[in-house]
Each structure stands twice: as structure tokens, then as C-alpha cells.
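Peer 1: With these hints in hand, go ahead and build the complete structure from the sequences.
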Amino acid sequence: MSRPGRDDSPDRLYTLTGGRAHAAPDSPFDLVTLVVAECDPGPGLQSEHATILRLTQLPTAVVELAAELKLPVGITKILLSDLLAAGRVSARHPRRTAASGVPDPDVLEQVLVGLRNL
Amino acid sequence: MTAPSLPGERLPGERPTFRTLAPAPLLTAVLAACAVGGAVALAPGPVRVPLACGAAVGALLLTAAVAVAAHAVQTARITRRRLEAVTLDAGRLSQDQARQSAEFDQERVRLTEELTHEQARLTAELTRERAGLTASFTEERTRLTEENAEERARLTAENARLTERARRADQDRAAAVSATANAAGRMQALATGMLADLRAMEERHADEDVLADLLHLDHRTAQAGRLADSVAVLTGARSGRRWARPIAMESILRGAMGRISGYQRVRVHSASEAAVAGHAAEGVMHALAELLDNAATFSPPTAEVHVYVEEVPAGIIVSVEDSGLVMGEVQLRRAERAVSGDTDELGGLTGTRLGLAVVGRLARKYGLKVSYRPSARGGTGVLVLVPQDILVPHPYAERPQDALTLPEPPAPAAEQPQVSYDTHQAATDEDPDPVPSHEAADRSADTLPDGLPKRRRGRALAEAERERTRARAADSAAPEPRPAPAEDDALVRATRFNSFRQAVRGSAPDDRATPEPTVPAPHAHSHQEGDPTS
Numbered sequence: 001m002s003r004p005g006r007d008d009s010p011d012r013l014y015t016l017t018g019g020r021a022h023a024a025p026d027s028p029f030d031l032v033t034l035v036v037a038e039c040d041p042g043p044g045l046q047s048e049h050a051t052i053l054r055l056t057q058l059p060t061a062v063v064e065l066a067a068e069l070k071l072p073v074g075i076t077k078i079l080l081s082d083l084l085a086a087g088r089v090s091a092r093h094p095r096r097t098a099a100s101g102v103p104d105p106d107v108l109e110q111v112l113v114g115l116r117n118l
Numbered sequence: 001m002t003a004p005s006l007p008g009e010r011l012p013g014e015r016p017t018f019r020t021l022a023p024a025p026l027l028t029a030v031l032a033a034c035a036v037g038g039a040v041a042l043a044p045g046p047v048r049v050p051l052a053c054g055a056a057v058g059a060l061l062l063t064a065a066v067a068v069a070a071h072a073v074q075t076a077r078i079t080r081r082r083l084e085a086v087t088l089d090a091g092r093l094s095q096d097q098a099r100q101s102a103e104f105d106q107e108r109v110r111l112t113e114e115l116t117h118e119q120a121r122l123t124a125e126l127t128r129e130r131a132g133l134t135a136s137f138t139e140e141r142t143r144l145t146e147e148n149a150e151e152r153a154r155l156t157a158e159n160a161r162l163t164e165r166a167r168r169a170d171q172d173r174a175a176a177v178s179a180t181a182n183a184a185g186r187m188q189a190l191a192t193g194m195l196a197d198l199r200a201m202e203e204r205h206a207d208e209d210v211l212a213d214l215l216h217l218d219h220r221t222a223q224a225g226r227l228a229d230s231v232a233v234l235t236g237a238r239s240g241r242r243w244a245r246p247i248a249m250e251s252i253l254r255g256a257m258g259r260i261s262g263y264q265r266v267r268v269h270s271a272s273e274a275a276v277a278g279h280a281a282e283g284v285m286h287a288l289a290e291l292l293d294n295a296a297t298f299s300p301p302t303a304e305v306h307v308y309v310e311e312v313p314a315g316i317i318v319s320v321e322d323s324g325l326v327m328g329e330v331q332l333r334r335a336e337r338a339v340s341g342d343t344d345e346l347g348g349l350t351g352t353r354l355g356l357a358v359v360g361r362l363a364r365k366y367g368l369k370v371s372y373r374p375s376a377r378g379g380t381g382v383l384v385l386v387p388q389d390i391l392v393p394h395p396y397a398e399r400p401q402d403a404l405t406l407p408e409p410p411a412p413a414a415e416q417p418q419v420s421y422d423t424h425q426a427a428t429d430e431d432p433d434p435v436p437s438h439e440a441a442d443r444s445a446d447t448l449p450d451g452l453p454k455r456r457r458g459r460a461l462a463e464a465e466r467e468r469t470r471a472r473a474a475d476s477a478a479p480e481p482r483p484a485p486a487e488d489d490a491l492v493r494a495t496r497f498n499s500f501r502q503a504v505r506g507s508a509p510d511d512r513a514t515p516e517p518t519v520p521a522p523h524a525h526s527h528q529e530g531d532p533t534s
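Going line by line, the protein sequences match chains W and R.
Using the numbering used here, the first residue of the first sequence is number 1, and each one after it goes up by one.
Using the numbering used here, the first residue of the second sequence is number 1, and each one after it goes up by one.
Hints were generated in silico from the structure; no laboratory data involved.
Certain hints may be false.
Restraint-style ranges between C-beta atoms, simulated for each label pair [as the list claims (entries may be wrong)]:
#1 W:G18 with R:S371: 25 to 31 Å
#2 R:A206 with W:G18: 17 to 23 Å
#3 W:G18 with R:E164: 54 to 60 Å
From the structure, some residues in chain R lie toward chain W, with a derived Cβ separation under 7 Å [as the list claims (entries may be wrong)]:
#4 A206
#5 E208
#6 D218
#7 E311
#8 A314
The beta-carbon is built from N, C-alpha and C at its ideal position, and this holds for glycine as well.
Peer 2: Structure, rendered in C-alpha cells:
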């Protein structure tokens, strides 16, 4: 970290979210939730919202968005919740990967059904 | 002949009286009558008659003569007596005159003497009086001169004392202001450092409760920083920090909001894309923060404060409207005078009324025009004109590039999971007393580590861009550590996303979702080689 306060933004994080630090309880976002924009960034939007909409023209993970916005994930989730509530983005969970070591129960079930059908 | 008798001597008069004149003629007549009778008697008869007649005539003539003589004598005697009387009178008058002359002389002499005496007396008196007056005058003058000298000496001493006191007061004031400015500068530096630390902590801690606490601390620190900024502005110290790049109006307003307690009640209506030049951004932000704070403080706790941004040919007008207390005419005028920045006095400031004075100083420094008017919302409206010469019209032409730059690879969290922020900072923070100094250390180091052009204060971005291009052309062989132009970035992102999807789905790579970069820059691959994330 170089000299503090030199190049960071004058925006304080609480002004981005209106003071909220907690996402809504039913927030579907976690680190790897994929987000897709449902509309184009229009005028009058908060610049972070516009940036999110621009970045999520293609499905993008929350953690990536957070990194590119240079914002903490928690703040990013709140911004995404706002956009989701306004219907400007949609979110879905990626399927669990085999590499994570925990196979998706749906996949296992389908495999089981397929094996039984053999 | 008969001698006239002088019976008239006893009775002198003005004229001979009959009594004095009668005896002599009567005696003469008697004697003549006797003589005539005798003569006649003796005369013979024939002559008697003529004799008688002639004698009688002679006797009458004699009597008449005697009477005339007597009268003449008597007259002479009377005249002589009168002459004697007149002579006597004349002599007496002469004597009187002489006597009076003598008396006059005496009187004159006496008067002359008296006059002389009086004159002498008066002269003496006058002389004495004059001497007395001269003496008293001299004395008085001496006394006055002494008093004057004393008074002058006293006043000179007083003057010297007051001058000394004024000089000491000036010194004290200068020292106090200097100390305050110094302390304010250090508090600013501390606040700036703390804000940066808090931001870093907010990045580090994912827990929402911790984040909430950190945000709370962040807000408090920002308000403390604003107070330190206010003191610094009032004491004439330099403003807290300078931004190296233009700050968009949205960020300006949010930065201003973030420094007041009631920021959640502020509603910003802004579609402006202009930005404020880096050197003035802090001042504009601070002035707006003070105005927002006033608006929020003097309106009901639940009322909203609305901020509108409007672009006009002269610059940008930011209007802050509250629905709080309506300011009276006098208050409006006083507020306008305070924000006009005409007075440089620190006197009259009270602890709770710093804001408008701060706005006035900042307005004068940056050419802001602040005016008050009643608001249509029922409260007070403040118009702030941000002049064109501290505005940058399109600061974010490079914004997409900015926004799409690759983030720095996050440090593996597992490496230092339990290290407290303090110890972590102690190792990495080489500047223990973070003063926000923004002087360019090296003119050539105009590119940030990630290869972005960095605009120095007072230089156009285009110039920095040209310089950067020149530098890159000079050592194009040497790969830059983190170049990230937009095309590269798009490519990298696509690649990363593709691999991400592959990993997530565990299925065959979906080539349709991987847009190939159509026009990769010729140096893109060399850059990618140096990019650790690709």
C-alpha cells in the first residue's frame, strides 16, 4: 500500500449503499453467483449500477464484479440486490463443479437414474 | 458871595435832591430880598422904582445862579462819590479775582498733586499687578509645561505598552493560528490515513457485521476529517488532499454527503457527466459538505434534502434545497455575506457557525458563487455555481478502460489469515505519518503500475497519454509488467470467462460464448506474456 488516501476514490462505501451494510436476507448472491444484465445502462443511474450493467452484458460472477468495481464483495452484493429488486439484472447459481469435490446432488441423481435404466 | 452850603453830604444820592439844593438859593433869595428892600428904602424916591425893578431882576438872577451852582456842586459831589464807589468796587473785584486766581492756582496745584499721586499709585498698582500676573503666569506655564511633559511621557509609555501588547497579541495570534493550522494538518493527515486504512479493512473483512461496524467508523472518521478540514481552511492551511485526477460530479456529491451526519436524508438528482479538476475537487466537496450539513441540520430530522445539478454555460449549478426553517431576510443577507468570503476575519466565529465562513473561504479560493434564496420546498435553497475553469468536460472518456482494467491479483488470503491489520500495516506502510502530499516525485513516472496513463495536476490527460506512448515505443521490446489496454482486457476477460465456464460446467468448451478478439493489437500478445493472470 503506497501513501494512503492518494488515489482512492472520494466515495465512501456507505454513500454507495445509503448506509446499508447488510444485503437483504433473501439475497441470492454469493461469491460465484452469475449475474446477467437485463437492460442497458441508462442515464440517471448511479455510476456503479451503470458499470455493473455494462460489465454483465455477459454473465459475470459476483466476485469478478467486485474486483472490477474495486469494491468489497458485501457492498457489491448490496448494489446487486438493488438492481435485482429493480429487475435490471438476473442471477443464477452456477452448477457445482466436480473439481470442488462435492458433486451436485442433481447430477448424482441423474447418474443414478441412468445407471438404473441400464 | 454866598458859599453854597453842603447839606447834601449827609445824604448822598444818585442825583441832588430838592432838600439838598433848596437852602442855598433860598438863603440867597432872602439876602437879595433884604438887600433890595434896603436899597429901595434908602434910595431916593425918584429912583426907587427903577432901582426896585433892576435890583429885583438882579436878585432873581443871583438866586438862579446860586441854584445852578448848588446843583452843579451837588452833582459833582455825587459823581465823585459814585466814582469812588466804582473804584472801590473795581478794586474789590480785582482782589476777588486775584483771590480766586490764587484759589484756582491752589486748587490746580492740589489737583495736580493729587493726580500725580493717583497716577503714581495707579502705576505702582499696575506694576505690582503686572508683576503678580507675570509671576503667576510664569508659574502656571511652568506647571502646565511640566504637566504636559508628564502627560506626554505617560502617554508615550502607554503607547509603547500598548504597542508591545499589540505586537505580542499579534505574535500570539500568529502562533496560535500556526499551531492550529499545524494541528489541523496533522489531524487531516490522520483522518486521511484512517480513511484509507478503513477502506483497506473494508476490503479485507467479508463479514457483514464487521463491515457495518467499519462503515460506521468510516462515517465518523469522515466527519472528523471534515472538521479538521474546516479548521485548516479557516487557519489558512492548505486543503487536506488533492486528487490526482478529475473527480466526477457524482463522486463530488457523494464525497460531500459522506462527510455529514445526515447523509441518508440527502437525495441527489444529477445527470451531469462533468467533473471537477483534481486540484479544486477537495474544496468543492468540502464547501458542498458544509452546505449540505447546514441544510440537513436545519431541517426536520425526517425531511429530505434535495440536491440538483444543472449544467449551464458558466459552469455547473448545484442547488441544495431543504424544507426546514425558512430563513428571514436578515438571516439570508447575513448568510450571503458569510459565504461571499469578503471578510478575512477570524473574529465573530463561534464554534457552531464555522460552516458558512468555511464556505466563504473556499468560495473565494475557487471562484465559487454561492447565493441563498427561499426554497420552493418551503425551506432554504442554496445555489452554488462551480465555474467552468475548474471543470473538466469529459473526464471519463477513458472511463471504460479504467473500469475494465484487470484487478490486481488478490493476495492469497490464506497466507496471512490471522495477522491483525495493525501488524500488517506496520510491515507494509513505510510512511508512518501519512501526510497527503501530492507533489510529483518523478516527472517521468507518469504511468501507474498497471500501465494506465496518470494525469499530473496541471497537465492534460492527452499529454500524459502521448508521453506514455512515447515511453512504450522506446522500450517496446521490454514487456511491461501489467499493460492493460481495452482490447487486451477484452481478450483476457473472454479467456478467463471461458475457462471459468469450462471449470464450472465441466462440459465441452462452448466456443460460441467465447468471442474471439477481432483486432488484437500487435503488441497484445507480448503483453499477455507478461500478464500473470492470463
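Peer 1: Identify whether the interface hint at R:E208 stands, where standing means a beta carbon of chain W within less than 7 Å of its own.
Peer 2: holds (5 Å)
Peer 1: Should the hint that R:A314 touches chain W count as held when the rule is a Cβ pair under 7 Å?
Peer 2: For R:A314, the interface hint is violated, since the closest Cβ of chain W sits about 23 Å away, which is over 7 Å.
Peer 1: Hey, does the R:A206 contact hint survive, CB to chain W under 7 Å?
Peer 2: With Cβ-Cβ at 6 Å, under 7 Å, it holds.
Peer 1: Would you check whether R:E311 satisfies its interface hint, that is, whether its CB is within less than 7 Å of any CB in chain W?
Peer 2: Violated, because the Cβ-Cβ distance from R:E311 to chain W comes to roughly 13 Å (cut-off 7 Å).
Peer 1: With 54 to 60 Å as the target window, see if W:G18 and R:E164 comply at their CB atoms.
Peer 2: holds (58 Å)
Peer 1: State, for the Cβ atoms of W:G18 and R:S371, whether the hinted interval 25 to 31 Å holds or is violated.
Peer 2: Since W:G18 and R:S371 have Cβ atoms about 29 Å apart, the given range 25 to 31 Å holds.
Peer 1: Answer holds if the nearest beta-carbon of chain W is closer than 7 Å to that of R:D218; otherwise answer violated.
Peer 2: holds (6 Å)
Peer 1: Measuring from beta carbon to beta carbon, are R:A206 and W:G18 in 17 to 23 Å?
Peer 2: holds (20 Å)
Checked against the numbered hints given earlier, this structure breaks hints 7 and 8; the rest are met.
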